[in-house]
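2 protein chains.
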Amino acid sequence: MRCIATLILALTVSTVFADQTIDVADHGIRPGTDCTFAVNRLIESLADRDAVTLRFAAGQYDFYPENAVERHRAVSNHDNSLKRIAFPLFGHQNVTIDGGGSVFMFHGRISPFVLAQCTDITLKNFTIDWQRSFHDELPVIASNPDDGSFVVEVDPKRYPHTIKNGNLLSEKYDWQDRMGSNIVFDPKTNAPIFNTRDYSINFSAPYTASHAGENAVKISGRVRKSPPPVGSVLISYGTHPTSRLCPAIHLDQANQTRIQNVTIHAAGGMGVIAERCDDVELDGLVVTSNQERIVSTRADATHFIGCRGTIRLQNCLFEHMLDDGINVHGAYVKVVEYLGDRQFLCEISHFQQWGLVFSKPGDRIALLSRTTVLPFFETEVTKTRILNELRLLVTLAEVPDRMPEGPLSMENLTWYPDLVMKNNTIRENRARGALITTKGKVLLQDNAIASQMHGILIEGDNNKWYESGGVQNITITGNTFDNVGFEGGAVYPLLASPLLNETQHMGEGHFHRNIRFTDNTIRSFSGHLVRARSVTGLTISGNRLEFSKDYPAVTDFPAVDLEYCDDVTIRDNDAVGFDRTLVVQTSDDCSSVSVGPNSGLDRP
Amino acid sequence: MRCIATLILALTVSTVFADQTIDVADHGIRPGTDCTFAVNRLIESLADRDAVTLRFAAGQYDFYPENAVERHRAVSNHDNSLKRIAFPLFGHQNVTIDGGGSVFMFHGRISPFVLAQCTDITLKNFTIDWQRSFHDELPVIASNPDDGSFVVEVDPKRYPHTIKNGNLLSEKYDWQDRMGSNIVFDPKTNAPIFNTRDYSINFSAPYTASHAGENAVKISGRVRKSPPPVGSVLISYGTHPTSRLCPAIHLDQANQTRIQNVTIHAAGGMGVIAERCDDVELDGLVVTSNQERIVSTRADATHFIGCRGTIRLQNCLFEHMLDDGINVHGAYVKVVEYLGDRQFLCEISHFQQWGLVFSKPGDRIALLSRTTVLPFFETEVTKTRILNELRLLVTLAEVPDRMPEGPLSMENLTWYPDLVMKNNTIRENRARGALITTKGKVLLQDNAIASQMHGILIEGDNNKWYESGGVQNITITGNTFDNVGFEGGAVYPLLASPLLNETQHMGEGHFHRNIRFTDNTIRSFSGHLVRARSVTGLTISGNRLEFSKDYPAVTDFPAVDLEYCDDVTIRDNDAVGFDRTLVVQTSDDCSSVSVGPNSGLDRP
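Quick note, the sequences are listed as chains A and B, same order. Per the UniProt record's numbering, residue 1 is the first one in the first sequence, and the count goes up by one each step. Per the UniProt record's numbering, residue 1 is the first one in the second sequence, and the count goes up by one each step.
Derived by calculation from the structure, the hints in this document are not laboratory data. Because the structure is a prediction, the values reported are computed rather than measured.
Identical copies carry no separate label here, and so any pair may be met within one copy or between two of them.
BS3-like cross-link-like pairs, simulated, lysine-lysine; straight-line CA separation at most 25 Å:
| no. | residue 1 | residue 2 |
| --- | --- | --- |
| 1 | K422 | K124 |
| 2 | K172 | K334 |
| 3 | K172 | K464 |
| 4 | K164 | K464 |
| 5 | K360 | K441 |
| 6 | K360 | K439 |
Let's have the full structure, built from the sequences with the hints guiding it.
As structure tokens, this is what we get:
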């Protein structure tokens with residue numbers, strides 16, 4: 001009797017709790033067809049189910065926008081719009097999508113994955129690509145510095161174009177793009193060319209495109225210094241507000257998300273954008289171009305705004321993006337007006353954060369001066385009312401006895417994540433390796449970074465991007481930085497400094513604190529190590545700098561450049577192969593700076 | 001006892017049923033402030049109430065977008081977007097908004113009135129205007145036909161501009177408009193100049209704007225024939241998809257709506273756009289420019305798509321619009337694919353109808369050939385499933401035994417309204433007076449029409465605008481047409497003809513039927529009366545044509561031009577003052593045409 005009862009119980013438990021695997025082919029989802037409609041329906045049918053795995057047999061599955069589910073979506077750092085969605089997970093729980101090594105091929109303006117208000121979702125074992133990229137790659141086959149003109153080769157299949165009224169128009173899936181943002185890549189390095197900004201073209205100014213032979217177009221326009229050299233590749237990547245419509249994966253208030261063994265070859269925006277998510281794990285996420293292209297995503301490989309819990313990245317490769325490898329931050333929201341009664345009329349500061357869920361009841365927030373960007377009061381949110389994507393009403397538990405003069409902002413203290421990055425590679429991309437502004441605990445260990453701009457940027461600003469989060473506790477150790485900063489100029493493996501504009505100034509107290517940059521290896525044509533401003537608690541130790549001849553030497557800037565820093569230790573660093581002693585420079589308002597012993601690096 | 005009971009009953013009834021008037025000032029809504037937030041809240045508070053009047057004391061009330069309620073809105077014949085709304089009536093019943101003679105002044109991109117899923121709403125006694133218009137009015141002060149250049153005066157207050165990279169940019173509330181669609185008006189007539197198309201400028205082609213003295217800008221660009229003459233006014237009105245964002249009044253599935261004694265001076269789109277509405281009454285609606293401007297609305301004064309019941313217009317004045325006075329029609333929706341099981345994958349045909357509510361269960365629809373635009377099967381809709389703004393699944397009660405070859409469309413037969421237009425004036429506008437394609441009963445009586453294009457256009461097309469509705473029963477009587485058609489060419493007081501393209505052809509059977517054009521008075525520089533094609537049942541009688549010298553005579557076209565028409569009577573018409581006998585021309589495929597007796601009008 002008891003045995004049978006146990007068996008029945010076991011069966012029941014099995015039915016309720018065990019992972020149920022669905023072979024998507026049973027739902028008409030097969031390689032070689034437009035799967036959008038069937039995938040939409042299947043995912044919708046899972047809304048009330050738990051512990052389900054969708055399994056794809058290996059193959060190429062195609063997704064088109066025409067029949068796709070559509071929602072108006074605000075996506076931070078992208079262009080908000082009515083978006084068609086291939087995998088629309090809204091409120092789903094405990095779902096695994098296992099691509100089985102498949103390629104998910106997208107066509108036109110469609111968002112591959114949206115995970116909104118989901119919990120415990122795993123995406124794994126597939127590749128995201130687009131049949132036609134959102135950018136264009138145009139090899140330069142002639143270049144005339146005298147008149148600033150140049151000729152590009154236009155592949156009629158991969159980058160079909162039309163010339164109309166002297167404008168070069170890129171033919172996309174069902175729209176045309178004007179020439180817009182642009183950058184020049186070097187096909188030998190698959191990275192931006194050294195000093196690429198010299199070759200940028202102002203396509204907002206009048207220019208003329210004309211046929212210059214079969215599949216060749218001559219462009220006469222306003223170049224910054226010189227037309228791009230022969231052998232380079234001009235990358236054109238669209239104009240606002242239609243150039244960031246389609247991130248590959250959008251995590252919106254999604255908790256406990258895992259992305260494993262996923263490759264992203266392209267996106268009309270970022271690879272992964274996460275906002276107000278609790279715990280995100282990326283393991284084996286690869287963002288790279290496909291065999292036919294130099295460039296991968298239109299924007300950052302990964303980006304996290306207002307998240308919490310732990311963001312964990314390991315064994316990832318991010319390369320060939322047109323923007324940063326990773327960016328982790330919060331948002332400074334403007335106080336438009338204190339309405340009394342503990343109620344504030346607030347405004348999302350940056351237009352690409354419109355629609356951000358800034359706060360909910362129970363969140364701790366800081367009130368801060370918009371002039372010094374330093375907080376002066378902490379309390380709890382009791383109510384948030386959204387007026388529209390721009391504005392909201394925030395009611396606080398308490399307010400200061402006297403509201404200070406001058407412009408104010410808020411930041412949400414509850415939604416700053418810890419970050420663990422181990423064994424990742426970020427390289428050959430435009431812009432930075434990693435931007436980190438979070439008050440959580442941060443560990444970057446055993447990563448390889450070779451970005452065009454700063455390797456690691458710990459910034460925070462309340463005037464341009466409005467990315468909040470003076471750091472509290474960061475360890476950067478055991479990483480290698482390989483020729484970081486080949487945009488040229490004062491570019492560093494590590495820059496830690498808030499970005500202030502002319503109406504802002506340092507206040508009393510430092511913006512960032514507790515940054516340890518230790519035991520890293522830096523191969524460098526510039527000898528740059530660390531630049532820091534408004535940091536208290538900074539250790540730079542055990543790092544090895546090796547001279548590199550891979551780019552023209554940059555010798556105008558100190559190796560370590562400190563301004564308004566406190567409690568700094570610089571010791572046991574070793575600079576090798578440079579023709580000079582690298583310089584540690586400190587401003588007069590620095591305090592408690594200890595330098596030495598170091599090798600090849602010293603105060604002047 | 002009985003008396004008291006009656007009294008109590010009366011009091012109760014009074015409380016429940018009597019109209020409750022709210023003085024908006026009691027809710028902080030006062031002239032001279034941004035009323036948007038308070039009006040939003042007050043209207044929201046009425047959601048569950050019935051029989052309420054909001055009363056405004058006379059004054060100017062201002063509305064700004066920053067704090068306004070926001071919804072993604074699909075608006076037919078406009079540009080869909082996230083819209084800020086001043087008066088957001090969603091699901092309201094039995095509400096009257098009485099402006100008390102006030103001016104409601106709008107600023108920037110905000111939609112004044114949205115009535116969605118409402119019943120029994122009255123809007124009355126107010127004026128809608130915008131502080132800054134959506135178009136620009138630029139007086140031409142120099143004109144050089146030799147090189148195609150011209151100089152415009154730019155009022156720095158009303159039409160502030162910036163010149164950037166040779167482009168003239170119009171500074172709006174919080175955005176810049178490029179030069180785009182344009183037309184030339186004559187300030188002496190407050191209407192488009194004769195043959196205005198000759199002066200149109202292709203701002204998509206390269207052009208150069210340069211300063212030409214204080215508040216003067218020289219434009220060198222591609223004009224169609226000649227630059228606009230000195231003394232005319234160039235009207236520039238934006239580019240797609242940002243030029244039709246803000247209609248003044250949007251009725252969306254709103255039943256029993258009355259608009260009385262309302263004036264509309266401007267709109268970033270149409271004055272009134274109504275879709276899937278049952279019974280709309282416009283009495284004393286005035287669409288006209290304000291004292292400072294020549295032009296009123298960016299698009300049609302009024303427009304009705306897929307409505308039913310009765311549309312009643314009386315005592316209205318529509319003038320100075322940049323598009324038609326009124327347009328009443330349904331929509332042809334494409335059948336993309338028959339999926340079997342009585343289910344059709346359908347697609348909204350025109351991008352400015354995306355999001356249209358085409359059908360709901362219970363609606364009768366016709367299936368029709370997209371080639372002949374003639375219906376072949378009628379049945380009922382049993383289910384509609386929206387995939388996105390473009391596509392929907394429609395399930396029908398029955399399907400033909402054999403689905404015909406060739407492309408198919410559907411039209412919704414349930415949602416065609418009757419139309420009564422009496423005692424209205426439409427004049428001095430770009431485009432047509434009235435477009436009418438509805439299967440309902442139509443009476444146009446005692447109206448005065450003086451439009452630039454056709455006076456009354458009974459069209460229907462399934463290839464360009466996809467406006468459905470071959471007419472069944474139209475009476476046009478007692479109206480005056482004053483110099484209609486001053487765009488020049490083959491323009492008529494009445495044109496009745498489906499618009500076919502080169503892939504379409506006439507089928508068996510006529511598209512329109514039963515049109516009576518009787519006892520109208522026509523003052524005309526061309527002697528044009530009626531052009532008709534594919535009409536059965538056409539009476540043209542008792543009309544008086546008087547020669548007008550107000551525009552250059554047009555003598556190239558017949559007065560009455562008939563093609564593939566049947567059952568036509570042309571009698572008792574009187575043409576006076578022309579230097580020739582006006583011609584009735586009929587094609588060989590006409591049948592049963594009776595001409596005469598007429599005076600000054602005959603077959604050749």
